[in-house]
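Going line by line, the protein sequences match chains Y and G. Residues in the first sequence are numbered consecutively from 168, following our numbering. Residues in the second sequence are numbered consecutively from 123, following our numbering.
If you are wondering where the hints come from, they were derived from the structure by calculation, not from laboratory data. Source: prediction; values computed, not measured. Hints are supplied without guarantee of correctness; some may be wrong.
Claimed, not checked - List of simulated lysine-lysine pairs, BS3-like, C-alpha gap at most 27 angstroms:
1. 401/Y to 191/Y
2. 401/Y to 390/Y
3. 272/Y to 390/Y
4. 266/Y to 279/Y
5. 231/Y to 425/G
6. 231/Y to 563/G
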Amino acid sequence: MSPLQTGVLATYWGSPKGVTTYSKLIHDLWSLNYYIALPIAAIVLGGILWCVVRYRARPGDDRKARQFQYHIPIEATYTIIPLILVAVIFGYMYGIENKETHVSKHPGLVIKVQAFQWGWRFTYPNGHQELGSVATEPNINDESALPVLYMPTHETVQIDLSSVDVIHTFYVPEFLYNRDAIPGVKNQVDFNVTTAGQWIGECNQLCGTYHAFMRFEVDAMPKAAFDAWYHAQKPNSLTIAGASKS
Amino acid sequence: MTLIQERPGGPGEPGATGLVAEPLTEIVPGPRPRGVVKFVTSTDHKQIGLNYLVTSFIGFLAAGIMAEVMRTQLIGPNNHLVGPASYNQLVTMHGTVMLFVFGGPFAFGLANYILPLQIGAPDMAFPRFNNLSYWLYLGGFLVMMAGFLTNDGAADFGWFGYAPLTEAIHSPGPGADMWILGIALTGFSGIFTAVNVITTTFTLRAPGMVMFRMPIFVWNELVTLFLVLLAFPVLTAAMALLWCDRHLGTSFYDPAGGGQPILWQNLFWFFGHPEVYILALPYFGVVTEVFATMSKKPVFGYKGMIAATLTIGGLSMGVWAHHMYTTGAVLLPFFAAMTVLIAVPTGIKFFNWIGTMWQGVLTLNTAMLFSLGFLVIFLCGGITGVMLAQPPLDFQLHMTYFVVAHFHYVLVGTTAFGAFASIYYWFPKYTGRLLDEKLGKISFALMFIGTNLTYFPMHDLGLRGMPRRVFTYPVNAGWTFLNELATIGAYILGIGVLFTVINIFHSMRRGQIAGDNPWDGQTLEWATSSPPPEHNFEILPPIRSERPLWDANHPDQLTEVGH
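Isolated chain Y, as found in the complex (with noise of 0.2 angstroms):
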């Protein structure tokens, strides 16, 4: 399996699709930033690149430069014009950021995630768990024992983290958001997730020997295969991930 890898393939300006509704919001802010970003990029490097070609010294070159300094409207300019522009892009992000940092007070689903050296436990309202930690021996290219997040699609999922002993981020690609978990911080994030899907999720914090060997899998499905799911686990029980498989 390599959810990531196909999930990529599609790409918006390069970077993942995204999978929640705030993947709209974020695409049409790399839309700006490009629209923004390429012509000025085009402009000062047409500049150097001019300069260079045309007024680079020749052999026998014998040409005198004018020793100008200053030009006001033209400073004027490059100073007033990229102060509109960045005046534009805060204003846009600023209605976005408010968006993504908004905290549901009605979410569907709490899942409480837990995050230590080196693994993930996610709580569910019942007090199911699902554990999943480094291997005695890890193996990076084993998926199989990775801890999973299910969630539900379609609906506001919270997400309470809280780390047990360092700071470390909670990070899922597709849903194009980080989130720290902070020893004594207690940091919560919504997602809505519109597309049923596996993805691996990591930490994206360094946080000591085996930080590459911390992630998990996020699997959001159909309301109803996920409350499927939800009902089959007995309350207050626990999955250890991997631990079917020896």
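For this one, chain Y is given, so just place chain G on it according to the hints.
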């Protein structure tokens, strides 16, 4: 020997013609110290400057070797060249050495050597204090590197050392303590250098050298060292608190004892973001000098350039929390606004650099090529910087390889290419000999190609979700090809650096004799002999603009007045 034909003020004034800067023929009792004794005891700003430059370049090479090992480890998935523990040490020490031993101190070396010359001063304001700074710095470098010799290895929690991973319970080894001590020592060194350079700039300028006639390089160093003065004490204090946490049972950063990990991040980045500009601004100054000299023109928008530098310096003190967007503990809009605003003065600089070259007569030698490479690479790093400044995009890309790409485009672009430009530009002043142009151009071409090949694929890796600081990655992630490209690029970059190292050793003894003013320079460091005598100048050209030597040598090509 520099011959200054005529003074622009016209004839009749005393000393109007035939100004000759001869090396000082001071009568000195006894032989002058040479070799190691000179290295250890000299308080001459030029000797200390060279000490800094050479030591920091050694740091650059050491950290570069660490990077090559890391890139080799990442050339394929599930590689086992180095294990996770060693990889974490390499990650940490590569960053720490590049930032604390190379980037800043190389600029301090330039400030030591070049700045007093450019303002026409005989030495730094506090020569012995200056010597102390160097020895603290060298001590810091050696102490932090010595961590590799301990049983548990060097520090392994990243150059940013996020608590509580740095607490004794999670990182018990002595390598971590040596890291703290090493950084604290380089921190003190930086503070002392800042005091020295700022005092020198304010009090030892030659008659006529008012603030608005100082070269842009001096301005940039001045602003940089003010940032050092504001940022480094915070870092050193944060390190002291961490030491207390580890050894005296306090809990400043440990939530188990009521401490707050976010406090460390605030303190560290309050230092850490100005630090990025401490690493960039001096090199902005270097390339400004190179562009003006090699284009045979004054710096375009001189005062706008200074205003831009001051603005960058000011804004850089208010952006630290953009490293902390994903903690959920900072006021996002404020820090986002401050951060995107920095694009404006940086853009002004870009346009001013282009304006400086506009209609000039461009000599495309190695120093100029490195400066042009600086522009192109830093442009890319600047654009991705604006992207990462926006919290929604940072939420997506924080701590992925996209950030690695951005960061290295900024710091390789500015610090490395700027430092190499400075080597090619000022080597004749240090040694009296020119560096070999052919080797230099090969070095530039390899470094430019290598840099782009290494770091450009990292943007895509980040977008594909590859986290930073992982020592390996799975086969099926789709990251293999891009990592291969990056590693090959890193080798090419490394070979490019070697060409300059060979060039330096070759040209030190066999290089073409440079003369005092090989580039038709504009500023005062070219008005004395190469290398300059002790106390630098016997006589100075009159200082009536920011390029007194040009005015003296080209009285028919004075800066046009008016707009």
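Proposed proximity, residue 279/Y with residue 266/Y (alpha carbon, max 27 angstroms): holds (21 angstroms)
Straight-line alpha-carbon gap residue 401/Y to residue 191/Y, limit 27 angstroms: Violated, at roughly 37 angstroms.
Restraint check for residue 231/Y with residue 425/G, where alpha carbons must lie at most 27 angstroms apart: Distance ~24 angstroms between residue 231/Y and residue 425/G Cα, so the pair holds.
Proposed proximity, residue 390/Y with residue 401/Y (alpha carbon, max 27 angstroms): holds (19 angstroms)
Proposed proximity, residue 563/G with residue 231/Y (alpha carbon, max 27 angstroms): holds (26 angstroms)
Restraint status (C-alpha distance of residue 272/Y to residue 390/Y at most 27 angstroms): With a Cα-Cα distance of about 20 angstroms, the restraint between residue 272/Y and residue 390/Y holds, given a limit of 27 angstroms.
Of the numbered hints given earlier, the model fails hint 1 alone.
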